[in-house]
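**Q** These protein sequence lines map, in sequence, to chains A and B.
All residue numbers for the first sequence refer to the numbering used here, where the first residue is 32 and numbers rise by one.
All residue numbers for the second sequence refer to the numbering used here, where the first residue is 32 and numbers rise by one.
One or more hints might be untrue.
Same chains, same label: a pair holds when it works inside one copy or across any pair of copies.
As the list claims (entries may be wrong) - List time: in silico PhoX-like cross-link candidates among lysine-lysine, alpha-carbon distance up to 25 Å:
id, residue 1, residue 2
1, K340, K87
2, K306, K343
3, K87, K224
4, K381, K343
5, K381, K87
6, K306, K381
7, K340, K224
8, K381, K228
9, K224, K381
10, K385, K340
Just so you know, these hints were derived from the structure itself, not from any lab.
Protein chains: 2
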Amino acid sequence: MVNTLFLPELREMLAERNAHDLQEFVTALNPARLAEYMEGLDASEAWEVLQHAELKLREDIFLYFTHERQIEIIETQDRAGVAELLADLPADDRVDLLHDVQEEVVEELLPLLPADERRELLRLRAYAPDSAGAMMTTEMAMIEEDLSVRDALVALSREAEHVETIYYIYVVDHDLHLRGVVSARQLVSSLGKPDLKVGDLMETDLILVNATDNSDEVTRLVERYDLQAIPVVDNQRRLVGIITHDDVLDAVRQEATDDAQQMAGIAPLEDDYLKTGLVTLAWKRGIWLTILFVAASVTATTLDNYESKLQKWAWLMMFVPMIMSSGGNSGNQSATLIITAMTAGGLSVKDWRKVVVRELCVGLMLGTILATFGGILSTVLTISDPGAREQFYWPFVIPVTLVLVVTSGAVAGSLLPLMFKRLGLDPALMSNPFVAGISDILGIVIYMTVSMLLLR
Amino acid sequence: MVNTLFLPELREMLAERNAHDLQEFVTALNPARLAEYMEGLDASEAWEVLQHAELKLREDIFLYFTHERQIEIIETQDRAGVAELLADLPADDRVDLLHDVQEEVVEELLPLLPADERRELLRLRAYAPDSAGAMMTTEMAMIEEDLSVRDALVALSREAEHVETIYYIYVVDHDLHLRGVVSARQLVSSLGKPDLKVGDLMETDLILVNATDNSDEVTRLVERYDLQAIPVVDNQRRLVGIITHDDVLDAVRQEATDDAQQMAGIAPLEDDYLKTGLVTLAWKRGIWLTILFVAASVTATTLDNYESKLQKWAWLMMFVPMIMSSGGNSGNQSATLIITAMTAGGLSVKDWRKVVVRELCVGLMLGTILATFGGILSTVLTISDPGAREQFYWPFVIPVTLVLVVTSGAVAGSLLPLMFKRLGLDPALMSNPFVAGISDILGIVIYMTVSMLLLR
Chain A
32 MVNTLFLPEL REMLAERNAH DLQEFVTALN PARLAEYMEG LDASEAWEVL
82 QHAELKLRED IFLYFTHERQ IEIIETQDRA GVAELLADLP ADDRVDLLHD
132 VQEEVVEELL PLLPADERRE LLRLRAYAPD SAGAMMTTEM AMIEEDLSVR
182 DALVALSREA EHVETIYYIY VVDHDLHLRG VVSARQLVSS LGKPDLKVGD
232 LMETDLILVN ATDNSDEVTR LVERYDLQAI PVVDNQRRLV GIITHDDVLD
282 AVRQEATDDA QQMAGIAPLE DDYLKTGLVT LAWKRGIWLT ILFVAASVTA
332 TTLDNYESKL QKWAWLMMFV PMIMSSGGNS GNQSATLIIT AMTAGGLSVK
382 DWRKVVVREL CVGLMLGTIL ATFGGILSTV LTISDPGARE QFYWPFVIPV
432 TLVLVVTSGA VAGSLLPLMF KRLGLDPALM SNPFVAGISD ILGIVIYMTV
482 SMLLLR
Chain B
32 MVNTLFLPEL REMLAERNAH DLQEFVTALN PARLAEYMEG LDASEAWEVL
82 QHAELKLRED IFLYFTHERQ IEIIETQDRA GVAELLADLP ADDRVDLLHD
132 VQEEVVEELL PLLPADERRE LLRLRAYAPD SAGAMMTTEM AMIEEDLSVR
182 DALVALSREA EHVETIYYIY VVDHDLHLRG VVSARQLVSS LGKPDLKVGD
232 LMETDLILVN ATDNSDEVTR LVERYDLQAI PVVDNQRRLV GIITHDDVLD
282 AVRQEATDDA QQMAGIAPLE DDYLKTGLVT LAWKRGIWLT ILFVAASVTA
332 TTLDNYESKL QKWAWLMMFV PMIMSSGGNS GNQSATLIIT AMTAGGLSVK
382 DWRKVVVREL CVGLMLGTIL ATFGGILSTV LTISDPGARE QFYWPFVIPV
432 TLVLVVTSGA VAGSLLPLMF KRLGLDPALM SNPFVAGISD ILGIVIYMTV
482 SMLLLR
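Please take these sequences and the hints and turn them into a complete structure.
**A** Right under this line is the structure:
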């Protein structure tokens, strides 16, 4: 939904080139709200409004625009103005944005950036997309350890406007090796002892990541230790950047969405659902749907093998979907439990024995419940069938099958994600579709075997 | 995995009552690491080690223990010592902990807490578990608006040790009504202008939540506006607390896990997978498995209705599982896409027309792909069957069915979560199980109808 509250006024001010009112407008409200009120404008109108804010504010508002609008503005509006804005953005946002801008436009913008920003941009772009290096910003607060608390605060007051957070202040030596960290809170609460050295105040046992570490490791550490930001170092333990909590939150949300989509057999989308093209969407779903279809078609050939039995006991066919879906649902539940437990960090591959025992027990309980219902249902539906009734063990076929199918579904559903994890594959990517396929085939084989043993 | 690196040394120091070494140990390392090294100790050993740290450090280490260990210590160790620790914990952590402690123990501990903390605890416990009030802490940095920057920093340096974050400092009037916010960064970078009033510096257009708002609203706002913390007010806009980024991160992770479990038909677990009792696990899964089973048993009665047709064309039975699973998978994909898009905020119920059109198109594309494979497979498997071959339209039954089943699965799978959302129900809770049930029945009805139209 686009917020249209101020749209007519904004358009009028733009048409009249009413600089005074536009300036009033952009300074009166919170930048986040402003960005919302400007959603109804097209990219060049929005850009024109922005020109009435000073650079710092222009940047704040711009950062609240949607990613698509940001890209559109960068690609279509005057290069010099865009470059001025880009030069002032936080380094990590700049890299993320230019990653999605057409390469020709980037080539045109690069020479317009100040040399420092240009070098940094090229360096940050060299990190793998999923690495800590690609998530980090290089604008962090750094001080040297032999400063006093008073001098540190003065140094910080000069730097404060240019850094992304002053919650942590990193203490480095002359070669930028990371030595420790002090919090702004510690500095402020030591104001009474202004001659204390930063080196005596700092915490030296640090939680940090290497720039080449995966983003999963970043989210794990930040969540585990409740950090506001995590320092990023290179192989020589030199401080190269920090990753702040907001980027971690975005990464966690992205991980969760990717996992959910992968569990449903969709290759993760790069854009929002509504913004993904139909052919891309069909492709991302089609791959898995086809793989699943191949697995399902094995059920057809399996059933074909048992054709003579099925013709003899035609009433068995009626329960095939029910049995397969019970096994599939049970397996799906187990797989999801194991995958979410591994993502949240409460379970590792080494626990597999415990998992098997648990799933065996739970599977037997669940199987017994369904067997009770299934036994009643199958008896009611087939009691009028003379081909069924003449068999002594006929009422037991469905209950026995259900217990076995539900239990084996639970065990298979829990073991497959663990197996994929052990092999170094993403459990979320592979397991649910596989579980579905395997439990379907298992279900039919178990059903037919039980039938042949109980019926004659 | 329990870290046992220092376990023998720790046990030895405890046995020898070596206070000096224990004190060395607890002060040498980062509290988070210490908590890990103490995982192998039992609750009373861990508690004894903690006694060698001063209160502030004891509290830091304690907060890194697992939730279960914290509860065990509170319930089993000496009440006076526990009360001293509890009195000093952040208010939100205290409430969360006591929520899981046996009621008798809480009753014994309450009188041991200072009157202020006791009152606050009782007040916080009154908020609904999913509300902003239950997530917040009451230890925030507050200053009055007529203070100068210099006085504000002095006031802050006194408060800094007792508040959860000084990233934002909230500006209030005499009755605690929230007037605005300044960041520590703003204060520090205004050190050059010490006589500036806080009221002139503060931002007044605030993003805030009411204490009774749902936690979903909290995560949405913090994510949308990249906040470090969000202020919580009561109905008179009085500042009653703040929610910090670490609690928001926990809430987002919890939401994602709950959603994934609900989408697989599991009532969300309260504990980690390995810590949930088997009967609880069976119960949380059994409810949905039974509901799904009832839906699946409808397929049995539906198939029963078509029995005469199926006896005439026995080869049709072989493809039932394949057709049902294709429809189910397609529906499952659509439901997951819609649910994750709604959770991430990129889709609302009003977009339903767009969604239907998109799913119709994608469904047709996917259906066509599967129909190609399905057509070949069904022809190969049935070409030797005289009952099939004598029918003119026989090779078209499976392809036509697949196109219809996959398309209707996609449309139903996308509309059901939107419908549940519209009705005020949680889309993640209801849709995938429903989608599975509905698409199974739809699949059979479509298959049988197509067969009757094409075969004679």
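**Q** The structure should be examined with respect to each hint, and the outcome stated for every one.
**A** Hint check:
1. K340 to K87: Neither way: K340 and K87 sit 78 Å apart in one copy and 74 Å across, limit 25 Å.
2. K306 to K343: Answer is neither; intra-copy 53 Å and inter-copy 48 Å both fail.
3. K87 to K224: between (35 Å within a copy, 20 Å between copies)
4. K381 to K343: neither (47 Å within a copy, 53 Å between copies)
5. K381 to K87: neither (52 Å within a copy, 36 Å between copies)
6. K306 to K381: Between copies only: 16 Å across chains, 41 Å inside a chain, cut-off 25 Å.
7. K340 to K224: neither (89 Å within a copy, 92 Å between copies)
8. K381 to K228: neither (46 Å within a copy, 59 Å between copies)
9. K224 to K381: Intra 51 Å, inter 59 Å, cutoff 25 Å: neither.
10. K385 to K340: neither (39 Å within a copy, 48 Å between copies)
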